[in-house]
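Keeping the supplied structure of chain A fixed, place chain B upon it in accordance with the hints.
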Amino acid sequence: MPSQKNPDSLKDVALQYLRDSVGSADAQFRDGQWESIQQAVSGNRVLVVQRTGWGKTMVYTISTKLRRDQGAGPSLMISPLLALMRNQETAAFHLGLNARRMTGDNREEWNDIHEELRDDQVDILMITPERLANEMFLSKTLPTVASGLGMLIIDEAHCISDWGHDFRPDYLRIRRVQKMVPRGSAIVATTATANNRVVEDVRDQLGGNIQVSRGSLVRRSLQLHNFHMPKPSTRLAWMAWAIADHLPGSGIVYVLTRKDADLVTKWLQSKDIDAHAYYGDTQEREELEKALLNNDIKVLVATIALGMGFDKPDLSFIIHYQRPSSVIHYYQQVGRAGRGITDAYGFLMWGEEDERIADYFVDNAFPSQDEIDLVMKALEEADGGLKLAELMFLVNLKKSRIEKILKLASLESPAPVINERSQWFATGEADGFQIPPDRIERLREVRAKEKLQMREYMNHQGCLMKFLQQALDDESAKDCGRCRNCINRTHQSYLPKPAMVQEAAQFIQKKPNIIPPVVRWPIRRLSDHPIHESQLIPLDYQAAWGYALCRMFDVDMSQQILEQRRNRSHYSDEIVDAFVEVLRKHCGSFRYVTYIPSRTDQHHVPRLAEAVAQRLDIQLVHSVSRTGMGKRQGDQKNPVQRARNVANAFTIVHSCKMSTLVIDDVISSGMTFTTVAALLRYDGCPKVVPAALVYRSLSE
Amino acid sequence: MWTLTEDTTEVALLCAWFAGEHHPLALHEYNAIASWLKHQELRPANLIDPSCLEEASQSTGLDLDRLTGLQNRRISMGFYLEEWKRRGIWMIGRGDEDYPVRIRTQLRSKAPPILYGIGESSLLNSGGTAMIGPSPPASEYSESLSGMVRLCAEHQSTVISAGKLSPATDAIETSIQCGGTFIWLLQGSLLAEPLTKPFRDTKASGKIVLLSTRSPADPRFVSGEPELGQLIITLCDSIIHIDGTELSMDWLHTTEIIHQAIPKKKCFIWTGHFATSVAEHLIQCGAIPWSTHEDAVHAGIFERLEDLPPSDSESSPEELVDSEKPSYIDKGNDSAEENPDHAEMDLPSPDTKDELPVTDEPTEFLKESSWGNSVQGELFA
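Going down the list, the protein sequences come from chains A and B. Under my numbering, think of the first position of the first sequence as 1, with each following residue one higher. Under my numbering, think of the first position of the second sequence as 1, with each following residue one higher.
By construction, these hints were calculated from the structure, which means they are not laboratory data. Hints should not be assumed to be uniformly reliable.
[To be verified] Straight line, CA to CA, 30 Å or less: simulated BS3-like cross-link-like pairs of lysine-lysine: (1) A/377 with B/264; (2) A/140 with B/164; (3) A/11 with A/259; (4) A/298 with A/449; (5) A/387 with B/85; (6) B/207 with B/197; (7) A/387 with A/510; (8) A/140 with B/85; (9) A/407 with A/451; (10) A/298 with A/231; (11) A/404 with A/179; (12) A/387 with B/164; (13) A/377 with B/265; (14) A/637 with B/197; (15) B/197 with A/407; (16) A/511 with A/585; (17) A/387 with B/207; (18) A/510 with A/259.
Excised from the complex, chain A in its bound form:
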C-alpha cells in the first residue's frame, strides 16, 4: 500500500504509487497518464500511443495495483519480446507487484508460477503471443488466470495491425480472443510507434469502443544526424573516432547482421573501446543488457534483437551502421537514447550495401502463391505428416521461407496445416489455400512505401526530428533546432581521417575469414555411401577449419574476384598472392593441393589451385571428379536441397593419403566442401582443409 495515509481519492493513491515507484516525492503524472489509468481501473479499454519513456508501463502497473487493491484478479500481459518482459518485471517490482513471466527460458519456474497463480499471488502474468496456442498453457495455466482476469495488457499493440511495421502473425490470436474478454475486464494496449492508420486498425481490432490516449512523439534531448558513407571502412573509422573521443556516456550501435555485429565489435575493441556484440544467439544477453544499464560497458553492437522495450534513461547515443528498414523502426531504435538526459545523439549512416539489403527485405516480405502452393501440395500428397526437414527435401525453398508459409497458414482459421508432435499435416483446407492476394499486395505496398520513406529521410534537407514525427502522424511536429539540418552541419565535417579509414580497410582484410566445418548433415541417409550413414558426421569424416580470402561484405575485394570469375579469366596475381598469404598465415602445412571441379568451367578453379600449389611449392593432385552435372548449387534454396544436390555428385579418383588443401573460388553453405572432405577422408586422407577466395555466408 502507498505510504501516504488516508488518501482521499483514487488519484491520490495512484499518484502515491507513482512516487513510490520512481522514488521521487515530487513526481507528477504526465499528460494523459492518469486519464489512461482511470479508464483501465474503470474496466474500460484504452489504447495508449505515447513515445518511449513517457511512462506507458506506469499506466498498466499502477492500474493493476489499483485493481488488485479492489480485489480484482491478476493481469495477463502479452508482450512480444523477452527484453521487454525483463524491464517490465523490474518496473512491477518497484511497485510491489509480483510479475511473473512464462517464457521458453524459465521452464524450471513454471511449476512455482502455477502454484503462485493458484494462491492468487501473481499480479501480472507475462507471456508471448505464441504461448496462447500452447496446449499446456490453455489447460493448466490459463484457467487459473482467466477465471478472474483483472486486466488484459497488450504491449506493443501495433503488432496486432498488419498495416504496421512490426506485424506479428501470432498477434492474430489476440484479435480473435479479445472479443471474449468479459465486461468489467479492462484492456490496456500500448505502443510508441503507430501512425493514424495503425491506430485506427488497432482500435478496430480491439472492438472499437476503446479510448485512445495519444501524445507528442518528440524527444527534445535528441540531436539527429545522418550521412552517407558508402564504404564500411569509412563508417568503421568514423565510429572509432566518435565513440572513443567524442561521445559521452554509453550507447548502442545497430547493425543489420550478426556478421556485421562481430566485425564492428572486434574493430572497436581493437581501438580500445569496450564494445560487445549482441544478437539473437548471444548467450549472455541478459548480462550484457545489465552491463549497459549500469554503464559498465561503453557500447553494445546489436542487431534488432536488442529491440522494443530496452529502457535505459541515460543512454547517450545510438549509431546506425546501416539503415534500418523503415522510418518507424528508426524512430523506435533511436528513441532509446536521451529518455532521461538532456543531450543525446542519433547518428544514421548508410552505405552501398544498404539498398540491396532493403530490396531483399521488401521482395521477400511475403511468400508468393507459387511458393505456398508448393508447400501445400507436398503436405497434401503426404500420406501422414511431414517433418520440416522432410518438407525441405521435397520443396526447394529456403527453410525460413517454408517456416514462414507454415506459420502464416497455421494461424488461419480454419487452418490449412496443423502441427502435431513436430510434424506438419495438411487439413481439408489445404487444397487451394491462399493468403488473400489483396492482403499480400497491400502488405508489399506498405513495405515498399516504408523503404521509400526511409530513403526520403536519409536525403531530407529539413528538420530530421520533425520528419520522424510527421511520419508517425504527430500533429505537434515542428523544427527541433538541434539536428544536423537545423544547425547546418556539412557532410565534410563527418568524414574521418584518411589514415583511420586505411587502418579500418586493412582490419577488414586482415581479419581471418573462417570457414567452420559442418558437423551434421541436414537429414539422414542422403545417399547409400557410408559418409551419409548417420546424420552426425563422424569426426573422422569432417573437414578441418578452413579459410577464405574475403567475405562478400568486403566489397572491393569480393567484387573484383566475382568479376574475374564471371569473365572466366585467370585470377589476377594480386588476388592469388593475397590468397596464398592467408593460407600461409592460418592454414598450417599440407602435402597436397586439390580442388572442387566446377559444373560448368573445367579450367578456372584448377588454374587457381595450380597457381596456389606453385606458390606454396606443394603437389597438385586432380583428386576429385564429378560423377554428374547436378543442378546449380546456388539455385538450391535450403540445406537439405543443397546437401541432396551434391550427395552423389563427386568421386575420388586419386587418393590423397596426407593432409590436403581443397580449393574452390566461392563458398556459401559449405555443403560441397563438406561432401568432398568426407569423401577424401573416407578414402584415407587424414586432414582436409577447405579454402576459398570468397565466403558468401547465407546471411549475406
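Only chain B this time, still in chain A's reference frame:
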C-alpha cells in the same frame, strides 16, 4: 465460419468443459436452469447479468459460486474456441439452427446442450444406416460389412457408426474407399482426428462428419459413452446390429435403445452361427434376421424416414426460450420443467466427476433375458 450466438455462448460457459476448478453443469442441472429461464421469459444470454444468475441459482438450488466460476471462464473459452476454430472444430448449441433436427426433436430435453464436430455438419440431418455392435465383431462379418458399406454408398445412404474400434473403423475405411458418406461419433477428443491423406480428402469433399458430445478440452478418460448409442439410433433411418458376445455396460445400454427403437426403425440382426440371447430377443421384438444384402434392400433398409415425432413426452426447456428454433418444433409440451431431473443419466453430474454416467434402469426385456440376468446384478446394482 461458425460463430457462437449469445445464447449458445452462455450455455457453453455453463455446460462445456474448458478446464477450471468448477465442473460444468450436468444435463439435468442445465435443464433446471433452462426451465427457470422459460418461466421468467428469459433467454440464456440473460444469464450474463449477475442478478439474473443469482436468481437462477436461488431458484434451482445450484451453487452460485459454481455458476459464477463457470461463467468467468469466458476468456478461457475464447482461447479454446480460437484454437478449435483453427483446427476446424465447430460447436453448436441445442438452440442453434444447425443443431441436428432429429436429435433436437426426438431427444428434446435429453439432447446434449452442446455438440462438437468436425466436417460437414449437414450430414447430421441426412439420416442413414447405423452399423453398431460390440467390438470387435466376429471376423466372419468383415466381408459382409464391407459389402454393406458399399451398398450404402450406392444407395446414397450415410453410414453411421461410433468409436475407434471395429466395426466403426472397418466401415469408415470402406466408406472412404468407395466414396460414401459417413457420420462418425467419437467418445474421445476431436483433436485426435485421423490425419491420413484418404481421411483428409474425404473430409475436404464434405463426405464425413465427426461428432462428439465431449469438449475437446475434456481431459477425463472414458471407455465409452452410453449417449453415443442413443445419438446413433436417433440419427439413423435403419439399424444393422452386429451380434457379439462381448458384454459391456455401454453395449447393454445401446441394445436397450435399439430395443426401444424397433417399432419405429428397421433393425437387421447379423447373428452368425450362434445368436446370443440378446439377438434372439431383438428378433422376437421385431428385428429382422439378416440373410442377404438384397433381402435387406427389399425389406426397406434404405427407406428414408421422415423426421420422427419425439421419442418421449418431454420437451426441451430451452427451446421455449430460443427464438432461433425451427418452426416445426412442438412448443406445447413442457413437462420437463415439472421434472427437470428426468435426464440425470445423460451427462456426468458434478459429483460423479470422472466416473461413468449411470444408465437407466434395465427394461423388462433385459431383466428377462438370461444374458441380461447374468450381468444384471453386476451392472445395475
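Restraint status (C-alpha distance of residue 387 of chain A to residue 164 of chain B at most 30 Å): OK: residue 387 of chain A and residue 164 of chain B at ~26 Å, within 30 Å.
Straight-line alpha-carbon gap residue 11 of chain A to residue 259 of chain A, limit 30 Å: violated (51 Å)
Agreement of residue 404 of chain A and residue 179 of chain A with the hint, judged by alpha carbon distance not exceeding 30 Å: Since the Cα atoms of residue 404 of chain A and residue 179 of chain A sit roughly 27 Å apart, the hinted pair holds (cutoff 30 Å).
Distance restraint between residue 207 of chain B and residue 197 of chain B, which requires alpha-carbon spacing of 30 Å or less: holds (14 Å)
Agreement of residue 387 of chain A and residue 510 of chain A with the hint, judged by alpha carbon distance not exceeding 30 Å: violated (42 Å)
Pairwise hint evaluation, residue 259 of chain A against residue 510 of chain A, where the allowed Cα distance is 30 Å at most: At roughly 15 Å apart (the allowed maximum being 30 Å), residue 259 of chain A and residue 510 of chain A satisfy the hint.
Residue 387 of chain A paired with residue 207 of chain B [C-alpha distance capped at 30 Å]: This hinted pair holds, its Cα atoms lying about 28 Å apart.
Proposed proximity, residue 197 of chain B with residue 637 of chain A (alpha carbon, max 30 Å): This hinted pair holds, its Cα atoms lying about 27 Å apart.
Pair hint residue 197 of chain B and residue 407 of chain A, alpha-carbon separation not exceeding 30 Å: holds (21 Å)
Given hint residue 585 of chain A paired with residue 511 of chain A - CA-CA distance at most 30 Å: Distance ~11 Å between residue 511 of chain A and residue 585 of chain A Cα, so the pair holds.
Holds or violated: residue 377 of chain A to residue 265 of chain B, with C-alpha atoms at most 30 Å apart: violated (45 Å)
Given hint residue 164 of chain B paired with residue 140 of chain A - CA-CA distance at most 30 Å: holds (27 Å)
Of the hints listed earlier, those the structure fails to meet are numbers 1, 3, 4, 7 and 13, in rising order.
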